[in-house]
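Enquirer: One line per chain: the protein sequences are A and B, in this order.
For the first sequence, this note's numbering assigns the number 1108 to the initial residue and increments by one for each residue that follows.
For the second sequence, this note's numbering assigns the number 2 to the initial residue and increments by one for each residue that follows.
Treat the hints with care, as some may be off.
Distance ranges between label pairs, derived from CB positions [claimed, not checked]: (1) Asn238/B x Ala1225/A: 34 to 44 Å; (2) Met1462/A x Glu137/B: 17 to 27 Å; (3) Ala1225/A x Glu137/B: 50 to 60 Å; (4) Glu137/B x Trp1221/A: 25 to 35 Å; (5) Ala1294/A x Phe233/B: 31 to 41 Å; (6) Glu179/B x Gly1441/A: 32 to 42 Å; (7) Asp21/B x Ala1294/A: 36 to 46 Å.
Calculated from the structure, these hints are not laboratory results.
Cβ atoms here follow ideal geometry from the backbone N, Cα and C, with glycine treated the same way.
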Amino acid sequence: MTTAIQQLPPAKPSFAARLQKSLFNSPLDCVISVVCAALLFYLLYQIIDWAFIASIWRAEDVALCKAADGACWSVIDARHRIILFGLFPFEEHWRSTLACIVMVATIVASCFTWFWSATRLGLLWLCGFGVFYILMRGGMFGLTGITPERWGGLALTIFIFASVSLIGMPLSIVLALGRRSKLPVVARLTGLFIDFFRSLPLLTILFAAAVITPFVLPGWLQGDKLYRVIVGFAIFFACYQAENIRAGLQAIPPGQDEAGLTLGLNYWQRVTRIQLPQAFRNSLPSIVNQFVITFKETSIVTIVGFFEILASGHAAYGTGEWTPHYVEVYVFIGLIYFAFVFSLSRYGAYLENRMRVGHG
Amino acid sequence: MVENPSVTAITMQGVNKWFDDFHVLKDIDLQVAMGEKIVICGPSGSGKSTLIRCICKLEDHQRGLINVLGIELNDDIANVDEIRREVGMVFQQFNLFPHMTVLENCTLALTLVRKKNREEAEAIAMGFLEKVHIPEQAAKYPGELSGGQQQRVAIARSLCMNPEIMLFDEPTSALDPEMISEVLDVMVSLAEEGMTMICVTHEMGFARRVADRVIFMDQGEIVEQNDPLSFFENPANERTQLFLSQILQH
Chain A
1108 MTTAIQQLPP
1118 AKPSFAARLQ
1128 KSLFNSPLDC
1138 VISVVCAALL
1148 FYLLYQIIDW
1158 AFIASIWRAE
1168 DVALCKAADG
1178 ACWSVIDARH
1188 RIILFGLFPF
1198 EEHWRSTLAC
1208 IVMVATIVAS
1218 CFTWFWSATR
1228 LGLLWLCGFG
1238 VFYILMRGGM
1248 FGLTGITPER
1258 WGGLALTIFI
1268 FASVSLIGMP
1278 LSIVLALGRR
1288 SKLPVVARLT
1298 GLFIDFFRSL
1308 PLLTILFAAA
1318 VITPFVLPGW
1328 LQGDKLYRVI
1338 VGFAIFFACY
1348 QAENIRAGLQ
1358 AIPPGQDEAG
1368 LTLGLNYWQR
1378 VTRIQLPQAF
1388 RNSLPSIVNQ
1398 FVITFKETSI
1408 VTIVGFFEIL
1418 ASGHAAYGTG
1428 EWTPHYVEVY
1438 VFIGLIYFAF
1448 VFSLSRYGAY
1458 LENRMRVGHG
Chain B
2 MVENPSVTAI
12 TMQGVNKWFD
22 DFHVLKDIDL
32 QVAMGEKIVI
42 CGPSGSGKST
52 LIRCICKLED
62 HQRGLINVLG
72 IELNDDIANV
82 DEIRREVGMV
92 FQQFNLFPHM
102 TVLENCTLAL
112 TLVRKKNREE
122 AEAIAMGFLE
132 KVHIPEQAAK
142 YPGELSGGQQ
152 QRVAIARSLC
162 MNPEIMLFDE
172 PTSALDPEMI
182 SEVLDVMVSL
192 AEEGMTMICV
202 THEMGFARRV
212 ADRVIFMDQG
222 EIVEQNDPLS
232 FFENPANERT
242 QLFLSQILQH
């Protein structure tokens, strides 16, 4: 019997025992732990009190806000349409809402592995973008036309993020492969292109796209200001993402490509079946990171005159009675950003976990 | 497919190769007949790996002629592709694709290069996995297998392409000692079926058993070649004698 007992692993210490060991091991530990806990509870109480207990919720109660200690959520109740839709015509807000839902659904759907083939992913994004564009732009199917200058709020933020990703991702793959090309001319030129755009601030690129290109490009190539800005943003995104992908490509042992060669696979077969899948696995954390950064950087387009969600939030508290309540507006917008970015990061973590299986 | 058995499998004439200034292959002349089994040995850096890597153009040679299965190995992509389809290669580091299952590793080239549909490809692949005695591992990923198992999968993956010639680049050098024999057994049975093989290896027991000819290379040259019996019992060149005494002393 004794031998059987000896072979069992030692029991894990209980939660209380671990707590005692890590937080209350000496008198000094006890003091520090108690003080920190008290501070934490105080902060938490303050936040809950401000946000939920002493707060005013309905737009009609705005008069109470002056006296209240807590948050004045009335500003969100009253002005959320401006925050979410910007200058989009009031009676067409349902279109913007629907467009947002379609685009988010497209992004979510493309996260499922079932869609991970060129045709399925292509078709999905073509449909997603098509529906989004028809809903937002209108001018057909009996919808009134609304030009991109009047797009705004969440729909614009999502549209910019989605189109930058959609144009930028394939471009980044081409750039990463180009920079590793065996042809010196191709490799040098792509290298120069990437380093040039990486050395410019995003703001400069957006300004150039919005203001300077109309002087340089012929009229038929200019398109709307929004599209020029998106293309500029996408190039910026692609140059960074290309370096992430290239890092992933560099990490693949040369034997992988040689094995592909001796099996008779051609260049594109080796790239699509052997190199890129492994490169994406290798640099997944930095690739997801670039998407997260890009989502947050969409707010920079304010400066070239677009009313994305942060700018429309600014407009929402800009009038008279709402001016004191900018904190509430920013908290609200912060939560929207958080919802998107947090889901992105969690999805990245899920992918990493899933792919680890493949490496055994 | 080569119909005529009298065709030589590989001909190398005056092959020279440099890595920058380093002269790695010096005037290599080599003829390999269909069905012949050749073992190449030699100290590290002697150019033996480079020699067989030149045969499937993983390395370019700078001077001389290489002819594989009657096809000239030159810069013509079509020729290179055709040769690579008929020549299988097994590497020291296995080089299995870590993101694919064992079965997918084997079916990849069948579907992409041989244009088989999925059922056909999987049937062929399972046949060869049975031949290397690991059909039960088909659904696993390479990272879940032992070194010996991975190398057998790598052999099966090459065999799926139905190659005329198999090249082995130190296939057992990266293996733990207890796994060497399972890989060598597979290679022996392959040799017994009449596969044309060139093996770079230091497994002298394997050389004695299956080789028709043993080649000793040193400093980029073929120093000596002979049938295994004469090679091991009466090496003519003193460099060969030294090398054999070094690797056979224990």
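Enquirer: Run every hint past the structure and note whether it holds.
Expert: Against the structure, the hints:
no.	hint	result
1	Asn238/B x Ala1225/A: 34 to 44 Å	violated, 58 Å
2	Met1462/A x Glu137/B: 17 to 27 Å	holds, 24 Å
3	Ala1225/A x Glu137/B: 50 to 60 Å	violated, 34 Å
4	Glu137/B x Trp1221/A: 25 to 35 Å	holds, 28 Å
5	Ala1294/A x Phe233/B: 31 to 41 Å	violated, 49 Å
6	Glu179/B x Gly1441/A: 32 to 42 Å	violated, 60 Å
7	Asp21/B x Ala1294/A: 36 to 46 Å	violated, 20 Å
Taken one by one, the earlier hints fail for this structure at numbers 1, 3, 5, 6 and 7, listed in ascending order.
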